[in-house]
Amino acid sequence: MDSLLETKLSRRRALSCLGAWSGAAVLWSVVGGVPRAYGRAADPAAGKVTGFTFAQISDTHLGFHKEANPDVGGTLRRCIADINALPHRPAFVAHTGDITHLSKPAEFDLAEQMFGDIRVDRMHYVPGEHDALDNGLTGYLQRHGKQGDGKPWYSFDDHGVHFVGLSNVVDFEAGKMPTLGDEQLAWLERDLAGRSASTPLVVLAHIPLWTVYEKWGWGTADSPRALAALRRFGSVTVLNGHIHQVMQKVEGHVAFHTAMSTAYPQPAPGAADSPGPLTVPAGELGRYLGTRELHVVRGKSLLGTVDRPIAGAADLQAVHS
Amino acid sequence: MNRLATPLALAALLAIGLGPLAPVQAAAGPVTVEIDHFVFSPAEITVEPGTIVEWVNHDQTIHNIILTTARVSSPGLDTGDHYTYRFDVPGDFPYICGLHPHMVGMVHVKPRA
Numbered sequence: 001m002d003s004l005l006e007t008k009l010s011r012r013r014a015l016s017c018l019g020a021w022s023g024a025a026v027l028w029s030v031v032g033g034v035p036r037a038y039g040r041a042a043d044p045a046a047g048k049v050t051g052f053t054f055a056q057i058s059d060t061h062l063g064f065h066k067e068a069n070p071d072v073g074g075t076l077r078r079c080i081a082d083i084n085a086l087p088h089r090p091a092f093v094a095h096t097g098d099i100t101h102l103s104k105p106a107e108f109d110l111a112e113q114m115f116g117d118i119r120v121d122r123m124h125y126v127p128g129e130h131d132a133l134d135n136g137l138t139g140y141l142q143r144h145g146k147q148g149d150g151k152p153w154y155s156f157d158d159h160g161v162h163f164v165g166l167s168n169v170v171d172f173e174a175g176k177m178p179t180l181g182d183e184q185l186a187w188l189e190r191d192l193a194g195r196s197a198s199t200p201l202v203v204l205a206h207i208p209l210w211t212v213y214e215k216w217g218w219g220t221a222d223s224p225r226a227l228a229a230l231r232r233f234g235s236v237t238v239l240n241g242h243i244h245q246v247m248q249k250v251e252g253h254v255a256f257h258t259a260m261s262t263a264y265p266q267p268a269p270g271a272a273d274s275p276g277p278l279t280v281p282a283g284e285l286g287r288y289l290g291t292r293e294l295h296v297v298r299g300k301s302l303l304g305t306v307d308r309p310i311a312g313a314a315d316l317q318a319v320h321s
Numbered sequence: 322m323n324r325l326a327t328p329l330a331l332a333a334l335l336a337i338g339l340g341p342l343a344p345v346q347a348a349a350g351p352v353t354v355e356i357d358h359f360v361f362s363p364a365e366i367t368v369e370p371g372t373i374v375e376w377v378n379h380d381q382t383i384h385n386i387i388l389t390t391a392r393v394s395s396p397g398l399d400t401g402d403h404y405t406y407r408f409d410v411p412g413d414f415p416y417i418c419g420l421h422p423h424m425v426g427m428v429h430v431k432p433r434a
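Heads up: the sequence lines are chains C and P, in that order. Going by my numbering, the first residue of the first sequence is number 1, and it counts up by one from there. Going by my numbering, the first residue of the second sequence is number 322, and it counts up by one from there.
One or more of the hints may lead you astray.
Beta-carbon label-pair distances, calculated as ranges [unchecked claim]:
#1 P:THR389 with C:PRO105: 47 to 53 Å
#2 C:PRO224 with P:GLU365: 28 to 34 Å
#3 C:VAL120 with P:SER362: 19 to 25 Å
#4 P:ASP409 with C:GLY194: 51 to 57 Å
#5 C:GLY252 with P:VAL393: 42 to 48 Å
Partial list, computed: chain P residues near chain C (C-beta under 10 Å) [stated by the list, open to error]:
#6 ILE366
#7 VAL368
#8 VAL393
#9 ILE417
#10 PRO422
Once the Cα atoms are required to be at most 35 Å apart in a straight line, the calculated DSBU-like pairs of lysine-lysine come out as [to be verified]:
#11 C:LYS151 with P:LYS431
#12 C:LYS104 with C:LYS66
#13 C:LYS151 with C:LYS104
#14 C:LYS215 with P:LYS431
#15 C:LYS249 with C:LYS66
#16 C:LYS146 with C:LYS249
In short, the hints are calculated from the structure, not lab data. The C-beta atom is built at its ideal place from N, Cα and C for all residues, glycine as well.
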């Protein structure tokens with residue numbers, strides 16, 4: 001991708017005096033049809049949010065219990081508490097995949113039970129590759145396939161925003177980045193055809209739709225075809241998970257965001273021999289886990305985001321809008 | 322977790338003299354492939370027909386084994402889990418981790434002597 005404005009979100013405050021755990025939801029608000037993100041749900045700035053907001057959580061990995069975080073349920077509960085404490089109640093929560101760690105029925109059941117404690121009207125999901133083990137997406141679709149009529153991709157409209165959920169976590173090929181596949185891409189093109197270019201779009205997918213780091217498979221091989229269908233729209237916000245850290249890139253009218261996990265961090269691209277759970281010093285985990293809040297503002301081309309680590313007052317704020 | 326994808330019933334039958342008419346080599350191995358830091362090691366091995374290959378996951382996260390040409394997929398392997406597969410048919414068997422497809426390996430099975 002050329003002429004990229006690629007920024008890592010800046011820390012607005014010193015990350016001192018943090019508690020043992022951190023994980024955050026990001027609150028998104030939609031005002032006048034354009035999403036804007038407001039970092040952690042616990043951020044005081046979230047109190048000023050008006051309009052249509054929604055939150056994003058990702059990579060909850062329920063079932064993981066290794067050194068990097070022996071208590072993923074505990075960190076998720078912290079995130080849920082942050083969302084529930086928002087003065088402006090989000091319309092819904094979008095989960096961008098890896099709900100479970102091993103695709104076990106008990107893990108899906110636990111997720112359903114825990115997400116039931118979030119004070120929102122509904123949840124929207126896309127699958128992660130950890131939700132597609134052993135029996136493929138069977139278990140995931142039994143619980144979350146209704147919206148896509150049995151497929152893991154779907155779309156819906158809310159407050160003038162067109163939301164699209166995509167799946168890029170099955171049919172992996174050796175040595176290649178994952179794909180969306182021809183069937184899903186054809187559906188996406190049909191879904192977007194005829195829509196006004198002024199319609200704000202929000203795209204949900206687990207693995208980044210931009211190439212973050214090809215060597216680790218952090219990208220989607222056939223995303224250029226998807227982006228070709230998205231590019232004519234004036235406001236496109238792509239929300240991903242998978243890499244367990246906040247990264248952002250803006251390309252024309254398309255803003256890409258990856259989210260923190262609520263379970264465990266991963267190394268920055270190329271900063272370690274391999275991806276995978278990153279064990280951080282005791283007391284610092286909370287800096288690396290969190291949620292996202294989004295706020296859609298009509299008349300703004302890009303959605304603002306606020307990523308919220310679950311650890312105390314720390315926040316990461318996107319400075320575009 | 323110890324998974325053996327190819328049934329060993331045949332080997333058991335052979336052991337008690339109930340095998341088929343054609344001679345079949347006894348299982349050899351296992352040959353172990355370690356999974357560490359998202360790498361198969363050794364990534365490429367050459368074995369005799371009938372060899373059992375065992376993969377052991379040492380990473381904190383889950384991996385699985387997908388033998389693409391053999392259309393075999395292991396369950397997800399958590400830390401410390403292992404998976405075994407007996408290679409009876411000569412040929413080349415590439416495999417990947419289905420969650421991390423940049424992890425690739427190869428098992429070459431020699432022709433029968």
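Here is how each hint holds up against the structure:
no.	hint	verdict
1	P:THR389 with C:PRO105: 47 to 53 Å	violated (27 Å)
2	C:PRO224 with P:GLU365: 28 to 34 Å	holds (32 Å)
3	C:VAL120 with P:SER362: 19 to 25 Å	violated (46 Å)
4	P:ASP409 with C:GLY194: 51 to 57 Å	holds (55 Å)
5	C:GLY252 with P:VAL393: 42 to 48 Å	holds (44 Å)
6	ILE366	violated (16 Å)
7	VAL368	violated (20 Å)
8	VAL393	violated (13 Å)
9	ILE417	holds (4 Å)
10	PRO422	holds (4 Å)
11	C:LYS151 with P:LYS431	violated (42 Å)
12	C:LYS104 with C:LYS66	holds (17 Å)
13	C:LYS151 with C:LYS104	holds (20 Å)
14	C:LYS215 with P:LYS431	holds (31 Å)
15	C:LYS249 with C:LYS66	holds (31 Å)
16	C:LYS146 with C:LYS249	holds (32 Å)
The structure does not agree with the numbered hints 1, 3, 6, 7, 8 and 11 stated previously, though it agrees with the rest.
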